[in-house]
Structures are given as structure tokens and as C-alpha cells.
Amino acid sequence: MIRLPSFDVAMPRTMPELLENLRPNGLGVKIMAGGTDLLVNMKQGFHISSRIVWPGRIEELRRISIQAGGRISIGAMATLSEVAASDVVKTSYPSLSKAVLSIATPAIRNRATIGGNLCLDTRCYFYNDSEFWRGSLGGCLKLNIPTHNIGDVCHAAPGNATCSAVSSSDSAPILLALDASVEILRAKGKRMVPLSEFYANDGMRFLNLAPDELLARIILPAPPQGLRSAHNKIRSRQSVDFPLANAGIAGVVEDGRVFTHLQIYVGAIQSAPVRITSAEALLKGREATNVLIEQGAEEAASCVKPVPNVGGTVGYRKRMVAVLVKRTLVQLLASARN
Amino acid sequence: MSKQLITLTVNGEPRELAVEPHWTLAEVLREQLGLTGVKIGCDVGDCGACTVLLDGKPILSCLTLAVTVEGRSIETIEALARNGVLHPLQKSFLHHGATQCGFCTPGMILTSKAILGLNDTLSEDVVREQLSGNMCRCTGYTKIVEAVQNAHLALDVAPFSPVKVDAVGQVTGGAKYADDLTLPRMLYGKILRSPHAHAKIVSIDTSKAEAHPGVVAVMIGSELLTKYGILPASQDETALCIDKVRFVGDGVAAVAAVDERTAQEALKLIIVQYELLAPVLSMEDALRTDLPKIHSETKYEDNVAKHVTLEFGNVEEGFTEADLVREDEFYYGASTHAMLEPHSALASFEPPSQSESYKDGHLTVWSATQTPHYVHRTLAKVLEMPASHIRVIKPYLGGGFGGKSEPFALEFCAAWLSIKSGRPVKITYTREEVFYSHRGRHATKMHLKTGVKKDGSITAVQYKSILDGGAYGSYGVVTAYYSGQFLTMPYKVPRYKFESTRFYTNKPPAGPKRGHGAVQPRFAFEVHLDRIANDLRIDPAELRLRNLVEPNSMTVNSLRITSCGVRECIEAVMKASGWQEKHVKLPRGRGLGMAASAYISGAGKEINWLGLPHSGAVVKVDRGGGVTVFCGSSDIGQGSNTVLAHLTAQTLGIDIGHVRVYEADTDLTPVDLGSYSSRVTFMAGNAVLRAAEDLKSKIFDAVAEKFQTAKEDLIARSNEILVHDDSTKRLSFVEAARLAEAKFGTLSAVGWYTPPQLGGTYKGAGAGPSPSYSFTAHVAEVEVDEETGHVKVCKVWSAHDCGKALNKTLVEGQIEGSVHMGIGEALTEEMTYTRTTKETPGGLLKATSLLDYKIPTSLDTPSIDVTIVETIDPEGPMGAKEAGEGPLLAVPPAIANAIYDAVGIRLLSVPFTPEKVLAALRGQTRAEKVISEPAEAPTK
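Residue numbers (this note's numbering), protein chains in the order written: chain A, 1 to 338; chain B, 339 to 1278.
Treat the hints with caution; some may be incorrect.
[Claimed, not checked] The calculated lysine-lysine pairs, modelled on DSSO-like cross-linking and capped at a C-alpha distance of 30 Å, are:
{"hint": "1", "chain 1": "A", "residue 1": "K98", "chain 2": "B", "residue 2": "K1176"}
{"hint": "2", "chain 1": "B", "residue 1": "K395", "chain 2": "A", "residue 2": "K30"}
{"hint": "3", "chain 1": "A", "residue 1": "K30", "chain 2": "B", "residue 2": "K606"}
{"hint": "4", "chain 1": "B", "residue 1": "K697", "chain 2": "A", "residue 2": "K30"}
{"hint": "5", "chain 1": "B", "residue 1": "K697", "chain 2": "B", "residue 2": "K546"}
{"hint": "6", "chain 1": "B", "residue 1": "K1130", "chain 2": "A", "residue 2": "K318"}
{"hint": "7", "chain 1": "A", "residue 1": "K90", "chain 2": "B", "residue 2": "K395"}
{"hint": "8", "chain 1": "A", "residue 1": "K98", "chain 2": "B", "residue 2": "K787"}
{"hint": "9", "chain 1": "B", "residue 1": "K1133", "chain 2": "A", "residue 2": "K98"}
{"hint": "10", "chain 1": "A", "residue 1": "K305", "chain 2": "B", "residue 2": "K697"}
{"hint": "11", "chain 1": "A", "residue 1": "K30", "chain 2": "B", "residue 2": "K1184"}
{"hint": "12", "chain 1": "A", "residue 1": "K305", "chain 2": "B", "residue 2": "K395"}
{"hint": "13", "chain 1": "B", "residue 1": "K395", "chain 2": "A", "residue 2": "K318"}
{"hint": "14", "chain 1": "B", "residue 1": "K606", "chain 2": "A", "residue 2": "K318"}
{"hint": "15", "chain 1": "B", "residue 1": "K1176", "chain 2": "A", "residue 2": "K305"}
{"hint": "16", "chain 1": "B", "residue 1": "K1254", "chain 2": "A", "residue 2": "K305"}
{"hint": "17", "chain 1": "B", "residue 1": "K1254", "chain 2": "A", "residue 2": "K318"}
Calculated from the structure, these hints are not laboratory results.
Chain B with its partners taken away, still in its complex shape:
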């Protein structure tokens, strides 16, 4: 077909464009006009990220042919700021902290713009309805709705303060995410994927693809033989499959071509011959020794990947001592991160100047990763290049939640194809490929046995879980340990035993998802505990309060608890929700449920156990008083750049506007291990704090000398250094810094953080210890439609102990987002697969789109009431600890317990689909119909 000339107005400017009839508006806006504020989250009309305005009305540019908008007016996010002044909506989004990763932001703002100005105050319902086609995975929608409702207040030049230091680009479309980057002569890469769940690769013929016009390079697995994996114990992946495929969607070959369409076509020309193997599709299958092993190198005869057992104290003794011993079985379905931004990597290879070997060349990879350091290490290993010749940069990142926290096939393939072709290569996954990359929540079966005394005190807990790990190791060994290790918090468990087994199956690999390993057992235990409360006729909140761990204590499995505000959390949500007035007192159909939890602030042990700092930072001052922070940390939307800037500014007594943070660039920034296990505020925060303190010390030395005063008498405040009892002696920060530079030379400082020695001495003691733990409690209120089985979460009250909220809005945002994600897991999200029948092959993921994989929309996410509890952690930076993951853990059980309060059914299997609700209602036993009694005085 031939190009057509169309005229249209784009962002107020008349344009004449030559377009192919089959080009979408999104393609034209992003690639021809460079308007990369048009985001592609799904490309099939489900997520709303590509929304633009057509004559003022929101439409989806991914489902609009460019030729059909001829003569019309298009507005993208880039047009909103005029003459250097932000639009009120943009200001309001910044002011309310309504952007986290920012990937949904352009679509959100444009969709909102269409209803703005209709009247001054938009009701929450109207805003939620209007935004119901724009998915957000970070914020829980709360702050977005607030920002839109209050945008009219920013219509004038009313003062507003942005919550984040780097969010302006997110609201203007200026922020570049990995897929927004292009380089001259850049090629587009695509990966061919296995259509079979389990098969040997007999042969691969790439000759036709190589001969296809426009194809520049093709690669297959045998070109990169080195195995890798995120853990030393999970070196079981290769960039592409070499001799066998292990799940539907496993990568087999890759091509690079002059455009993406050609690459797409070329994949169809690669002929792969497979020899089918019997697939292992369930945990039961994984125990069968008559089925083939997925990884031949394991020590087990079946498909067990890891088995761990740990016992602390004699649980049998505890059960004997108990007045009541209760046992329950639970199931938690697999779910995935569904971050809005698909994985994307751009690799650019520079050939060596003096040798013929590519290994002497230099490689730069921009990748949407939470862990640039691990990607850096692993690229060096797999490509057999010196790490010093590889640079990994994380641009703006559109959400991770654990789904981008290890190396992925596209990084190796883009790099290798760039080496082979001598041209930059970009690979961006389709939404379907994101689902295959997975690394999300393990489907888990659990058994719990708990002994309690009449007064509710726990005497022993025994826990057993089996985890469906999918095709590769990922972080699975850690998951297996985490599944058991965290059940000794936030309640005192004097004797504890757990057993945990992770299986390989022929499905996309499971891995770490927000609340890694701890979410499933937390669900089980909190529901189990509610049943025990019911058995003992103790109010479930009261039972929890009676068993809480104390600050500055040690759990039976040697987890060191320092600051601990779990009691304050529970009391706060009881008060806020009106627990005493409402629990067991609401009319049938409506109910309240509670759950509490604890989570780590970073892992005490680094993955590779190298004994090196977990985080490093450099802080330098320029002569204009600007302070630059270099830290390998990765802002993935949670706001770590803002936290690091805040710590620096607070320490040096300067405005946050004078601080710039350079992050996540392995050439420029000292190593930080990455944004996973809720470690960044605590660890990178401490590293930066240490560097800033050191810098301040140098400046104080110089100033003290000048004023002939003791260093201890100096204060850094309001961009000045002052002597605290003498107002005549003061220097501006700029002057003070110059003085210090004159004295010490170029002014900079380094800082780093290494956790203290933590944990027990038993085998496995390395998994679980953290320098600090956060604590959370939630109360959920639900409404159960007993005819449709639909559960509506009406409201969630959350209280979270984050030590110290360095930025309250960011902490709230983490909690609200966690609640959203927890609701999705609890009610609508699940990864399920086809079952093998005579007609149908098994192992095909059923939901491979954001239409079929149902994350909650703005209409499915309730209003969330947040209380921040501050306990000032003794080792956290300025007292802070984590807030990003912990608040998810207790959401599903709070909902389960609320459903029980509403209609008297116990749902023991996540997600609580309408079918399960109806089945439970049909099967109600007499005993379960009795709603738990209010607290009674314990009899002993």
C-alpha cells in the first residue's frame, strides 16, 4: 500500500503527514512526531495509557487509524503546558502526588481534561466513572481522583508544591521510558516463542528469516550458552532456549529488522522442529517420577526445585500444652504484577578500536529494570564481556512490583543482536509477552496447625506449604524460605516449624511479587487466627492484640525486631473503622474484617553473599551550591529519588530544589542492589545520609575554623550555616561550601550501607533477617451480594508503621497502591492455564491481556483511609523503614474475614470469585452460620 498525505492539527499546529493507511494514530504520534507522552501499555485498548484528545474528547490512539482523523484536531499531553506554565491538572497531579511511575499519567490527565471546567467541583463518582478506562497499577487511584477533583483550585497561580522531585516530566510527557528511546540506525528486535509447554528443540532453521528483506540479524539460543539466574542457586536460564523449551512463551530465537513490522513478519519464517515432551502442569504432576524432569540437573528425581524444613523449639510440646489446636488448609492462586509499562530494552554496541573480538567492545543497555546492577553483572557473565565494558542505565520506569527485578531475555537478545548487527537494537515486549515473563506470585497450597491457650496465647505453629514455581528458578529459593520465615511476626510464636517445597512446572516462572513469599502465608494465618478467635469466642482484634510481638525482641527463628508499632496500627484501624460499633453488628450482607502483618526493610544478606555494601552513594557540591547525589538506586515510581533528595537536603539544611539525584546508571552511580525487597529507603537512604553527613562535616570544619567556634555549635538550616547562639555569625550554604572546597579541595563525600550481622546460625538463617521490619493493620468493609456472589470492598482503613514518614504523601501512595493490588489478588486476578485434553493442549495461559486479567479499575477500588504510625527506627535513615510492600500482605485476609462477618462463610481459597462465594453460601454449615460473638472475658 502507499502512503497517503493527511492534514490535521496536532497540539494546535497544522501538520501534513504522509502515513500508511494501516498505521495507528499511536504509531504516528510516537514515531513520526516524537510525541512519546502517548504511552503503549497494552496496544489493544484495555489500559487507556495511549489516550489522546480528538476534538477535545478522549479516544484510544492505539485503536484509531491515523488516516481516519484527517482534518481533525489531536491533543497530546505535550500540549498542556503553555509558555512554560503547567496546566492546572498537571499542577494538581504534582501537588497531590498523583503520579507514581507516571506511565498512566498522560492518559489520566487527558481523560480528566475532557470533564474539567464543566463545573468547579467534580464529584468523586463522576471522576471515578470518567477515569474507569484508564488503568493505574501504582496509586490505588485515590490521589489521582483527588488531583482531578481539586484541579480547579490550581486554575490560577495558587501556590502548589510538587510531592516528587522528578514528576514534572511525568505530567508533561517529557519523561522518557525505555521504549521512548530511539537511536540513529536503530533496529527493532522480536523474540520467537515456544508454542509448546514442554518439548525438545530438534532443529531451528532461520535461513528464510535471514533472507527476508529488512532483517539484519537473527539469533538462536546456542549463540549464548552461559546459564544465568538471579540467585547463585538458580543458574537455570539461558538467554534463549537451547535444547528444550519449558513453557508456552519460552524464547527460542530472535530477529532484528529495520522496523517492527518486518521483525514481526520474520518470526513467522523461522522453522522450529520440536519433539513434544509430557508437560508438568500442576504441583501434583511435579511429584510424579514418571514425567520428564524439567531441569535434568537437579538433585531430585521428580520436579522438586527446593525443599526446606526448619524447626524452632518443640512444636509437639506446644500442641500438648494448648487448650485448642486448630488445623486449616488454604490455597492462594497465582497472580502477576501487571505493571503498566511493558519490559523494554535498548542496546547499543560500539565495536572495539584495536581488536577483532566483540568482547573488547563497549555496550550500553537502557532497560526497564528494577535492578540495573544485577543486569550489569549478568550481561557481563552471559556475553563473556568485562563488566567494565558494559553500562546499564535505567530510564524512567513504568512500574515494577517485582516483575522487573532480575535479568530478562530481552536484555541479552537486544545486546547480542546489537553486537551482531553493529546497530542499536530495541526490544519491547507486547503485553502478552509481559504475562509470559511473569515472575509473579507463586500459587501456593498451605496447611496450618496452631495451638492456643484459652486466653488466646499461641503455644505453637506448624506450617507447610507447596509452591508452584513454574519453569525456572528466579528468586524461588528465597520464596520457599520467605513462605515460612515470616510467620513468627507480628504475633509471638514460641515454637515454630515449617516445611516448604517449591516445584518446577511447565508454566511461566513465578518469582517475587510485592510482599514476596509472605503474602500467601499471611492470608492463611490471618484467616486461621480469625477462626481461632471464633472458636475461643474472643474478638479477633482482641486476640491479635494479646499476641503481638514487642519492640526490641527476638522471634523464635532469630528475627531481630527493633522498632515495632503494630499495636498502634491495630488500635488505629479499630478506631478509624469503628470496629467496636460495627464488627458483628452490621446487617447481613455487610461486614468488617481485620488482619495485621510485618515485612522486611531490605534483606539482611545480599543475593551473592559477597560481604560488600548493599548500597553506595556519592554526594558532591558545585560552586553554585547545587548538590548532586549519585546512587545506583532505581526509582521505579515509588519515589526513591525524592526520598534521597529529601535526606540530603535535610542533612545539609538546603532546599530540596537544590538537590539533583542521578540514579541507576552503572557508569555513574555507585552500586545499589536495586528496588526489591523494600530496601531502598532504608539502605540507599542510609548510604546517602552517611555521604551527606560526611559532606556536612567537611563544610562545618571549614566554617568552624572561620568563625573560631566549635563544630558542634553549627547548624545547617534554610540554606545557611549558622552558629547556634550567635546570629551575627552565619554563612550562606554556597559560601560555606566554597570555604570547604578551598580547605579540602573538590567537595564530595561517599557513603555506603552494609546491614549489621543479623539472624541465627542455622542453615537457612540468611533468609528472613532484615535490619528492620515494618508493621501494618487493615480493616476492610465489604458488601456481599448473595445472589451474584459479587464482593464489593466498600472501604479499607489502613495503618502502617513506616518508622518515620520522610514524605507522607509518598508513604500514603504506597499504602493505597498496595491495597489496590491486594484487592485485585483477593477478588479478580488469577493466572490460570488450559488443561490438557484430547482436543486441547495444556499449559496455555488463559489471561494474556489486561482485558482478561482483571486488575481493579477506578470503580473497583474503594476509598482508602490511611493512618501513618511513626516509631522512629533506631537504624533507619532519620528513623524511616519500608512502606512499599508490607501494606499489601494483610489485604486479602482482611477481605476474607470481612466476608465472614458479612455472610458467615469462610473462603479459604484466593481469589474469592463470585462462583466460590456462591458455592460457599450454598454449602454453609450450621456452625459457620454463627457470626462470631463479641469479646468475652477469657476464662482460665
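In isolation and in its complexed conformation, chain A is listed as follows:
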């Protein structure tokens, strides 16, 4: 077996206790949600920390509920299985349920959480490998190996100064399209951040989240009248796989043919999900003919800039963005026409 390095685990039972644990103490604290990604990374020799905080005992962080005004609150520690099976989610936003069910495997979804999926570390061929393998490579931008005194090279896109490791979350694009916000807690206070401001297109610093902060809840607006949404992904095999590309799209269709509201997000291509505003502009307010949809899809593909750092060639992943956007838009129109 691959043995984890030693660390301490704090398992607070109450929110105040949890927040106390997040207080900066100079030791470097790592929050573990489901652990299904973090522990893999730790077995591979990164994210090493002497102290892990696990909020899994705090019931209120797992709650999924409808709040005043019809807003939906999903505790960050709710497992992916719980989110997918939740009546609240299935009734209000079935596309989210479907997106979540496409993640990983049934057993992983029983442990992995929605908050963990939103904070999923970015991925790259040259990063997600064993310590031995990365040592052979000589480190990279995202993973500086001090002993090798190397760390300023990007193997995926030589010459790039920023890391392009990929945001592989399957829940982020659809939640973004649905205008979700996140509630972030720290020892002193909390803040609400629109999910659209939570991500940065930088493979190393991809989250607007300080080390002493915790993503506590995801808030979704009450489902707007007539809003349609869908999530689709492409992967090499039908399970045990991260997406090669995904798309989460939400829109309002009038008369079954005109998008009056539209948000298109594409994931698994860059270090953050990408909103394709130019395609939205192109598509909105006009009759959504096949030609127009093709144009919108091509526009989306032209907006994304993958580098060769995960499965699939760059050209293929760009092409798949067009396919996904097209298919998802067609799905929204079809559901509006039914």
C-alpha cells in the first residue's frame, strides 16, 4: 500500500469549534471534505500538511434545504450522492442532479462532497502522478520540487508563465450557469461570493479562497420561471473518468425558439470554467435555427484555449466544446418545446 505521511486530524463537532480550527496557526491547515481527491494527492506526495481539518461531523454543513424566498441552500459537506438524490435538487434543478451523477463512481459519490467538487484541485498529466514520476520529470510550475531546484517549467505548454492545469469539476459549470453563490466562512466572519467570482484561470491559484477559509454552503436562486438547464460531458470511458470537456447551460426559451436569457459555461478545458459571453450574445434574441446554434457552438470552441495537459488532443477538446454546446442548446430547445 502507499502509506500516507503522518498528520493530525481535527474533527470539530460544532461550527465555532470548526472556525477555531481554521484560525491561522502557522502550521498550515488543510481542509478535507470527502478526501477522495485530497488523499490521492497526498499519497502522491503533494498537499502535505501536518494538520487536516475534517468538518464531516457538522450536520448543518450537510443540509440541503429551501430557504426564505425559495432559495436553495446546499451544505458543502453534502455528499454527491445526497445532492443527486435530494428531492429539493431534483425538483428545482434536475440538471444539477444529472451533472453530479456523472462524477466519478457510485462509491466515490458516497464520500465525495459538492463543496469538494467545487474546490477540486486542477489537473494535469505532468502533475497528477506519483512523487517518483514527478521527480523523474523534474517538477513543474504547479509543483515546485525544492530538492531538484526546478519549478519554473511548464511541460504541457513550454514557455507559459502561468500554469494551465485543468478545472475538472462537473458541478461547477452548471452551478455557474444557474447563478449559484457560495458562502465562505472564516474565524472572523463570512462572505458571500457569486460562484462566477470564485474561480481564476490560473492552475495554481484557481480559487478565491484563503487557506483559513471554508466553503460552507452553495446558494442557488429560486428556480426562475421558464428556466431550462442542462449539463453534458465527454469522457474517454463512461465511468472512472474526469471530463475531457463539459458544458453547463441555462436559458429561457420563448415560443420554443428564441433564447431570451442564456448563460453558457464550458469546463474541463482551462483552469476555470469559461463563460462564453460572445456565443450568448450571438444566440440571444434571435430565432434559434440550426444554423444559429452551429454558429454559437463554433463561437464557443473558438473562445477556449486548451493546452495539451490532460487526455485528448487540444484540437479534439476544442471541437468537443462545439459539440457539447450545440447538443446542450438543442436539449434546452427540445425541453422548451415539450
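Since the structure of chain A is provided, determine the placement of chain B on it from the hints.
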């Protein structure tokens, strides 16, 4: 950090455990509680083998910290059988033959348990979805899905019959695999590996590692200088590298420590200085004489490892005679076995009683190997110990497929570290190390030239292949020959020439993978033949039928064909698939493809050409009527123990339940060469059959004497010996055996099998001959998504001639598993490496996990329809021949041909990735857009 006390319920019992916060649940369950039914196949959440139930829901114990399940309830496979009665799922798995190697079984059963009982009948889709995180490499999922769907039928005590004689342990967690074994004072070993593809070792400093608390022994390559290799012609490996490293992952040093964590840490304290050499990373590089040689001792100036050329008849004459000569180029990417169980070996050394030399001591090695005999021989050679002082035992084995069919570094290192430390040492590879051990499918470039007459009859074939062999010889010389030798079946080839070259490169060594050597050329030839059918406007099935080899014939390269049911196979899959109604008639995007193949039932020549039997067996009877079979054969999940028990029981006329098989223990069992080249049913089967016949003869002698009747009048049936026309004269088997013991003394018999003299007299004639060949045909139906390039295999119809199915379910399981593996090779699996650039070193294997190396899941493997064709082989045991490898060969070309039928593109390079599909669709020529016409009457 300090231990924490946690309380939890494990399998219904309250437990209080002291655990370190960083211990995973898998560690605690396996090592603290001895619940070794929790299997570790990858340890990073990809394979699902470590699944346990947490409050009734499946979770991965390798990615769960034990402290986080405090107060909760954990259920492992060990809890399912209650009061000596199996759980319905366990019964159903046994009844449906849903276990082969059994390594994924505990996880499969537990994951299934979570959805069981929701309603009576679970749909196939629901089951496949639920099991989609539990990888299985043996079964093709078919029988597992059936077992889960039908488990409710076993809820009561409905009668069920287990398919295998040794599967109960697999469904209860009782079966011990190599990594499940522990011994008192056992140390954990780890191997330090080369970070460079090609480099000289300048120095190794192990002093810091040796001084590290908890480290007991450290070793480096120069301590075991003797070279070894599986073939006499490939003695090019050492236990650890001595003066140079040849691929990223090559072993350099090893440590043994009190626990695995300490061993892991100690590796980082070993300082190795390297002098980098230019790496040879492609077959083109291997031909360059300006690059360093990987093995200085070869006779070639470049990195050629083996070159063979053979010609049978004058092919030029054949091409002149032909009406059409077609040439094609093909590429087949490297793939690996990805068996679920990582390699593992436990060595225990007992010092000599009378001398100071370790060579007089005794060594026992339990290893996850397909070939204990070869491991035994090679340990003796490398350790310079008498073989009589070494015992090799294969415990339950979690899948091999060729990936465990020769000695590996861990066996020597565990043994040597045990000798050095005087304590037992266990080494288990991580999943990444399994990928470096490789010995899988050679990446192969191929050129084919075939002449045919207008009626489709073949006049000549010329084949050329180059093979990327990686860093060591392995079985590579055989691979080079096999690459060419099997193209003369299953179609008649009157003139044939082939040339085959295997290269050394700085990559993990390639070797034998299911269908060894024959898979790549079979892909090439079957696609080539489809194109010829298209050129001639003959239905591809018809073209195949016109060219088939006949039973009791000889190929141009002197392969002796005896039983042969290839025609029945093709006809069976045509009928089952609705070929006439569907081929070229399905809407665009959907298509049907066919391919056929032949494969050996064991190699006619033993690796070392010693002229000794290939398999031996002892059968003995105890006074209670129990019959014990001792045979060196290795059950690696395929069910050879069951086959041997069946042959014995059938011969002696007793219930299979009275037969026990002891296998794969070099102290207890006569030599069998191992589970490779599809030889076990045929060869060990014949050995056991011979022993059982001899035993029966003794018993009959005694009974005939008692009844004063002719021996020929006796029948052994239903646990009795009877006189066939006199119902008053009968003895129970127990009584009869006692009678025989009284007459002859202690009752036992030996049997052995040596293949007849086979093959031609030309140089190289030893590679290819087999006492019998199996035959297969597949039809695949695919759906091609022309936007994503994704190929979905919707259904595969398979027919296989296995001579006689001694156990139908086992044969089906081999076919279904072969189809799964063939689909993976065809579509998603490939071993690729980093390329050398200014920034990036080359030669790093890109996919070193089961996440990145994409074997098909239950959702990627279709339903498989199997027809067994029986031809009763004249020399096979009760008519049987192989079923384990042959059914893989024709899968990739059947898929390729189906893709052509669906969308009119010819994919000439395996795997058929979505990128290649899209590129081919973009580059479609007019000619290739024309889907082949249905058969026309040949004009001549």
C-alpha cells in the same frame, strides 16, 4: 502523531481501535483486523477493489481515513456469510461463475449488496451503472451482472451449483492472495527505481538508508550478479540494475524495514549518481548506430534484439499468379495486462543448520506468479542456491494475462532481503510499479502484401513487422516468431514469407499478453482481408469462408491442424448476428464487422528444450474415498483447478466434490510449466487424465478380480464401480479403492504430458507448433458518433471452437473476458511516453494509473453473445483445447471492420481513439465512402 482510540462497529461487532490519524480504513481493516477480503488493486480510488460498506453504502476504504468513521458501522465481505450459510449474492456469484481471479469480487458483491432488495429484478442498466466503479479484468462483467440480477432467486435455499471448485474463498474473503499473507517478524520491502530512461550508474550510497531507524536490510544490484531471462536467448536481466539503468522505473536498490511507511521513507535516503545516456525511445531510434546500445552484448550494431526471416514457397510466383495484389500498412499500439492484483512476493529464509553459507539454507517464496516452476529455476540460478532448497508457492492469484509469467525483480529482492535480514520480507508493487513491470503487448508496425484470385482464393502472403520490445528480452524472441508464424491460419496460404524484427528501446519491457504475438498481425490481416473483399466485391464473410483451412491439414509453415471448427464458428456468428440482414444494411453510423482467428493450445516446445514432460500430476486416494490431485499447474482465475478436478471426477466416476486439487507448489506438485500460452487444460489436463486413468485401471483390476469379471466390463459411475450387465455386482468407490489398496499398496498414480514431435525442420520451426489449435470468429456491432468520434461497441457475437467444453461456464467466461480486453485494446488502452524536449525528459510512461490507463468499465463493455463450438480434439483431454487467449485475437479487427461498415472509414492504427476516428472521417476519400457491396457471384 499519536494514536487515537476510536470505537466503531465492524461486521456487527463493536470495536475499540487505536489508530494513527493518517491510517486509511483499508490499512486498519487489512492489517489491524486481518480482514484481507478488502483488496488493494490501485490504492488511489480507481479500481473499487477496496470497497466496503459504511452504514450500508459502498465507499472506498483506500480513500477513507479510519478516524473519520468513528461511531459508524463498517461491513466487509467477511460478514456476509452468517452461521455458515452464504449470502444470496455469494451463492449467485458462485452459481453464475461470476468470479474468475476473484480479486474484484469482494468489492463487486458489497457494491451490489447496497442495491439488492430494492426490488426483485434489477435491470441490467441499473446493475451496470451501480458496478461502474468496480473494475474487473477477467469476466467482461457479463456473469457478474447476471449474478447480481438473479441474486434474489438465491434468497431462499434454492439449489445452486457452484461453477468452480475453489471459488467459495473468493466470495467470502477467505481466499488468501500473496499480499494477504503475513508472517511473524515480517519486514516490508520496497524497490528504488530509476528516474532516467537510460543512464550509467556512477555510484550508490545507501548509508543513510541503512542508518534510518526501522530499516533492517538494504541491497543493491551488485549483490546478485547472475543474469537471467525467461528464455535461454534472453539472459539480459539482473535482479536490480548493476551498472546501468534502461528505463524509467528500472530497479536500482531495495530496502526492507519494519513497516512499509519506513521502507518508503528510506528509499528517499539512497543517493544514486547517474551519468545520463542518450535514450532510445522509438523503433526508428533503435536503428540508429549513433545512439548507445542498450545491451552491449548483442551481435547487432544498433538496438535490434532479434531479426527473423522465413519463407515458405515462392511468394513472388504467387503474386504473379494473382488477379489482385493488395498492400497495406498497420500500426498496433502497446497495451498492458492491468490485472487487478498487483505483483506481490513474500520470502522466508531459514538459515542452514550446519554451515555458515546461506546457500545451505532453505527459502520459501510465495509469489503472485503464473509460472512457479520458472521462478523456482531462476531463483536457484540467481541466488546460487540448490533448487532443492527453494520452494515456490503460488497462492490465489488475482489475474495474470501474461503479466506474471516470468520472474520479476520483487521475487529476487524479497528473497535476498530475507536472506540478509534473517526475517520474512514481503514486497508488493504499487499500481505504478505494475505498469513498469509491463511485459505487455508490443507496439508493432506491420506491412502486408497479399495476392488473390478473382474468386478470392489467396495465392501468397508477405508480412513484415517491427516490434518495440522495450528494455529487456522477456519472451521477445518468441514474440518475433509468433508475429509471423500464425498468419497461415485460419485461412489457407499456399506461399508465405515473413520478416520480423524486435528492437530494444528504453521503455518498460514488452512481453507476452493474452494472444501473445498473434494479436497485432491478426488485426492487420483481418482488416486487410476486409479491404480485399471490398476490392473483389465479395461479402467479407464469404471471402473468409472460401479460404478456410481444413481439419487434419498442414499449413505451409508446417503447423499441424487437427480438429478445426472455424467454419462452424463463422457460420454461428453470421446466424446469431443476423449478418445477412444487417451487414451493409444498417443506417449510417451503425455497422457490423467480422474477423476470425486461430491460436495455440500450448507451445509444442518447452522454453528450455529439455525434452522433459511439460506437465506432470500425481493422483492419490485416501481411505475415505477422497481423491487428491497434485499438479504444478497455476490457477490464475481461469479455473484450471476446476478443469483438473472435473477430469479426475469424470474418469473415476465420482462427484467433483470428492476431488481436491493441490496446485502450484514446487515442493508438493510435479512440474507443470505454468499458466501461459493457453496450455493448461490441454497439457496439465492430459497429465491429470493419464494419472486418473492409471488409478482407475488399478481399481478396476482389483474389482475385476473380486467379481471374477473382465476389466473391460467395468464402469465407474455415480461413486460406484459396476459390472455393466449385472446390477448385482457393484461396489462403492470407497470400497473399490480399499480393495485396490489392499492389492497394490498405497493407492496413487502419476501422469504426464509431452507433446508429440511437431513442426518443420527449418530454423525457427520450434516457434508456432502446438498439439492443437483453437478457432474463433466474432461479429461486432458498433455505433459511431460522427461528431465526437466515440465508438460504442453495442454487441459482440462470439463463437469459439474449444474442442470440448469441459465446463461451459468457464469457457464462456474466458471468451467474455477476452472480448472485454480486446475492446479495451481496440478503443481506449495505450501505453504512451513523454517525448524528449528541451524542457521535458522523454521515456516517462504517461498512464501509470487505472485512471489514466483506460480499461473498459461495466458501462463500456457490451453484452456478449457466446456460441461454443465443439470439435472433440483427438489429442485433447476428453477432446478439449484452449479457450483463454484465442478469443481476443479477432476482437480489434471485428470492431475496425464494423466501423468501416458504419461510416466507411478504414482505421489502420490501434487504438481507434476519437481523434483518429474524426481525422479519418475528415479525410475520407470517395473510394472509401463506398460501403462494400453484398456478395456477388464470383466471375472467373
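Outcome of the hint check:
1. A:K98 with B:K1176: violated (44 Å)
2. B:K395 with A:K30: Satisfied, since the Cα-Cα distance of roughly 26 Å is no more than 30 Å.
3. A:K30 with B:K606: Cα-Cα ~25 Å, so holds.
4. B:K697 with A:K30: Violated, at about 52 Å.
5. B:K697 with B:K546: holds (29 Å)
6. B:K1130 with A:K318: holds (22 Å)
7. A:K90 with B:K395: holds (21 Å)
8. A:K98 with B:K787: Given pair K98 (chain A), K787 (chain B) is violated - Cα atoms ~51 Å apart, limit 30 Å.
9. B:K1133 with A:K98: holds (26 Å)
10. A:K305 with B:K697: Violated - the C-alpha atoms of K697 (chain B) and K305 (chain A) are around 63 Å apart, more than 30 Å.
11. A:K30 with B:K1184: holds (29 Å)
12. A:K305 with B:K395: violated (40 Å)
13. B:K395 with A:K318: Since the Cα atoms of K395 (chain B) and K318 (chain A) sit roughly 38 Å apart, the hinted pair is violated (cutoff 30 Å).
14. B:K606 with A:K318: violated (41 Å)
15. B:K1176 with A:K305: holds (23 Å)
16. B:K1254 with A:K305: Holds, at roughly 21 Å.
17. B:K1254 with A:K318: holds (15 Å)
Of the numbered hints stated above, those contradicted by the structure are hints 1, 4, 8, 10, 12, 13 and 14, listed in ascending order.
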